[in-house]
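Asker: For chain H, the structure is supplied; the task is to place chain Z on it using the hints.
Going down the list, the protein sequences come from chains H and Z.
Reading the first sequence from the start, the letters are residues 1 to 211 in my numbering.
Reading the second sequence from the start, the letters are residues 212 to 422 in my numbering.
There may be inaccurate statements among the hints.
[Said to hold, decoys possible] Chain H side only, calculated, beta carbon under 7 Å to chain Z, not exhaustive:
{"hint": "1", "residue": "Glu11"}
{"hint": "2", "residue": "Ile14"}
{"hint": "3", "residue": "Cys45"}
{"hint": "4", "residue": "Leu81"}
{"hint": "5", "residue": "Asn96"}
{"hint": "6", "residue": "Arg99"}
{"hint": "7", "residue": "Tyr107"}
{"hint": "8", "residue": "Pro181"}
{"hint": "9", "residue": "Val182"}
{"hint": "10", "residue": "Val195"}
{"hint": "11", "residue": "Gly200"}
{"hint": "12", "residue": "Tyr202"}
{"hint": "13", "residue": "Leu204"}
{"hint": "14", "residue": "Asn209"}
{"hint": "15", "residue": "Leu211"}
[Stated by the list, open to error] Only pairs whose alpha carbons sit at most 30 Å apart, straight line, appear in this in silico BS3-like list of lysine-lysine:
{"hint": "16", "chain 1": "H", "residue 1": "Lys158", "chain 2": "Z", "residue 2": "Lys230"}
{"hint": "17", "chain 1": "H", "residue 1": "Lys19", "chain 2": "Z", "residue 2": "Lys290"}
{"hint": "18", "chain 1": "H", "residue 1": "Lys158", "chain 2": "Z", "residue 2": "Lys324"}
{"hint": "19", "chain 1": "H", "residue 1": "Lys74", "chain 2": "Z", "residue 2": "Lys230"}
{"hint": "20", "chain 1": "Z", "residue 1": "Lys369", "chain 2": "H", "residue 2": "Lys39"}
{"hint": "21", "chain 1": "H", "residue 1": "Lys79", "chain 2": "Z", "residue 2": "Lys230"}
{"hint": "22", "chain 1": "Z", "residue 1": "Lys319", "chain 2": "Z", "residue 2": "Lys245"}
{"hint": "23", "chain 1": "Z", "residue 1": "Lys350", "chain 2": "Z", "residue 2": "Lys381"}
{"hint": "24", "chain 1": "Z", "residue 1": "Lys381", "chain 2": "H", "residue 2": "Lys158"}
{"hint": "25", "chain 1": "Z", "residue 1": "Lys369", "chain 2": "H", "residue 2": "Lys108"}
Keep in mind the hints are simulated off the structure, nothing from the lab.
C-beta: ideal position from N, C-alpha, C; glycine also.
The primary structure of each chain is shown beneath.
There are 2 protein chains.
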Amino acid sequence: MSVESNSGISEAVIRRLPKYHRYLTDLELMGEKKVSSAKMSEDLCLNASQIRRDLNCFGGFGQQGYGYNVSKLKDAISKILHIDRQYNVIIIGAGNMGRALMRYPYYKGMGFKVLAAFDSNPALIGTTTSGCEILDISKIEKFCAEHEVDIGIIATPKEAVLDVADLLTKLGIHAIWNFAPVDVYERDGVAVENVHLNDGLYVLCYKMNNL
Amino acid sequence: MSVESNSGISEAVIRRLPKYHRYLTDLELMGEKKVSSAKMSEDLCLNASQIRRDLNCFGGFGQQGYGYNVSKLKDAISKILHIDRQYNVIIIGAGNMGRALMRYPYYKGMGFKVLAAFDSNPALIGTTTSGCEILDISKIEKFCAEHEVDIGIIATPKEAVLDVADLLTKLGIHAIWNFAPVDVYERDGVAVENVHLNDGLYVLCYKMNNL
Numbered sequence: 001m002s003v004e005s006n007s008g009i010s011e012a013v014i015r016r017l018p019k020y021h022r023y024l025t026d027l028e029l030m031g032e033k034k035v036s037s038a039k040m041s042e043d044l045c046l047n048a049s050q051i052r053r054d055l056n057c058f059g060g061f062g063q064q065g066y067g068y069n070v071s072k073l074k075d076a077i078s079k080i081l082h083i084d085r086q087y088n089v090i091i092i093g094a095g096n097m098g099r100a101l102m103r104y105p106y107y108k109g110m111g112f113k114v115l116a117a118f119d120s121n122p123a124l125i126g127t128t129t130s131g132c133e134i135l136d137i138s139k140i141e142k143f144c145a146e147h148e149v150d151i152g153i154i155a156t157p158k159e160a161v162l163d164v165a166d167l168l169t170k171l172g173i174h175a176i177w178n179f180a181p182v183d184v185y186e187r188d189g190v191a192v193e194n195v196h197l198n199d200g201l202y203v204l205c206y207k208m209n210n211l
Numbered sequence: 212m213s214v215e216s217n218s219g220i221s222e223a224v225i226r227r228l229p230k231y232h233r234y235l236t237d238l239e240l241m242g243e244k245k246v247s248s249a250k251m252s253e254d255l256c257l258n259a260s261q262i263r264r265d266l267n268c269f270g271g272f273g274q275q276g277y278g279y280n281v282s283k284l285k286d287a288i289s290k291i292l293h294i295d296r297q298y299n300v301i302i303i304g305a306g307n308m309g310r311a312l313m314r315y316p317y318y319k320g321m322g323f324k325v326l327a328a329f330d331s332n333p334a335l336i337g338t339t340t341s342g343c344e345i346l347d348i349s350k351i352e353k354f355c356a357e358h359e360v361d362i363g364i365i366a367t368p369k370e371a372v373l374d375v376a377d378l379l380t381k382l383g384i385h386a387i388w389n390f391a392p393v394d395v396y397e398r399d400g401v402a403v404e405n406v407h408l409n410d411g412l413y414v415l416c417y418k419m420n421n422l
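So that you can see chain H by itself, here it is in the shape it has in the complex (with noise of 0.2 Å):
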């Protein structure tokens, strides 16, 4: 279940590169060209010995005295993330959390290409979201075989989970993101984050009644 296993970095610091990633991406839009570590923990409510330590996993970026090229710094952790190149994903389930995930626009033009959902309500079955087809079910072996797919997300309901999770991993699909209420447990050469919502939506029980 680790991300650590072959990397030598740690879970906790993977975790947080996308938000790193994130914060130098709006950076960037402000048109900013540097950062200091200083900055971005005020910014993060992060120590800045940490993003310090956390940077110098991957070799360090950033200039004593100057801070970090916000440019560079976020080029670099889209490398060590990989999501510098093209992913083709598919949706299992096209039920309303299927179709706002076919819809959601932070990962669409970010590399992330939906090619397809798939269902087995025929009441869906032919119809379109956000220009992407939903597809029965039956046909994905067909489909998988024709393309080239790297991710698959599962938005079934619970009781379908491990069955499309089993069809996923034989169809040679490299990672599952499971929104889907039961978690899915790591399988030899496929990928799996499992969405846990609740997690913020405790977060911010805490926050309102500690404000």
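Answerer: Showing chain Z alone in chain H's frame:
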């Protein structure tokens, strides 16, 4: 933006608590009575001394040579997060994401009660999803005056987010859980959690390239 201002506990610690809570809930369901920090460390991919340090922030619940009592530790974390009581929730925006959140089984039955959803689309107003009615957004002020609403979930298109956040603030709602792809900044007296679905997707890209 930090959660540590008044509590003295760092945001990083608070953000690990839902993970501990989820893990302990699973252990409890499997009938486990106690757990060591070593086992927690292995199962959660976190450093054992970090786990002990985290739990010591709240006074410590472990006993040397015994480990932690699963139910007591879970209850203690529920108290710290303030999820040991009921919260009334409304959802603004009843598109695919909003309706997925009306159905989401993980917080329903966990003390979070979705009272209603609001939208401006006439095709949705008056319909019901998972026993929850979608009301005209123009009724939200009256609704909030008549009900004790704790949390507002924003699931609108990005153009509407900031107006909705201002409206919720004016209506005296205590917390905003924002799923729209534009960040809401924390405002006086209102706690905010912005959901960044992409972060998990980026970690997944790292994992699939480092397996």
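Asker: Run every hint past the structure and note whether it holds.
Answerer: Hint by hint, here is what the structure shows:
no.	hint	in the structure
1	Glu11	5 Å, holds
2	Ile14	5 Å, holds
3	Cys45	4 Å, holds
4	Leu81	5 Å, holds
5	Asn96	4 Å, holds
6	Arg99	4 Å, holds
7	Tyr107	6 Å, holds
8	Pro181	5 Å, holds
9	Val182	10 Å, violated
10	Val195	6 Å, holds
11	Gly200	5 Å, holds
12	Tyr202	4 Å, holds
13	Leu204	4 Å, holds
14	Asn209	4 Å, holds
15	Leu211	6 Å, holds
16	H/Lys158 - Z/Lys230	20 Å, holds
17	H/Lys19 - Z/Lys290	28 Å, holds
18	H/Lys158 - Z/Lys324	21 Å, holds
19	H/Lys74 - Z/Lys230	28 Å, holds
20	Z/Lys369 - H/Lys39	27 Å, holds
21	H/Lys79 - Z/Lys230	28 Å, holds
22	Z/Lys319 - Z/Lys245	27 Å, holds
23	Z/Lys350 - Z/Lys381	14 Å, holds
24	Z/Lys381 - H/Lys158	38 Å, violated
25	Z/Lys369 - H/Lys108	15 Å, holds
Of the numbered hints given earlier, the model fails hints 9 and 24; all others are met.
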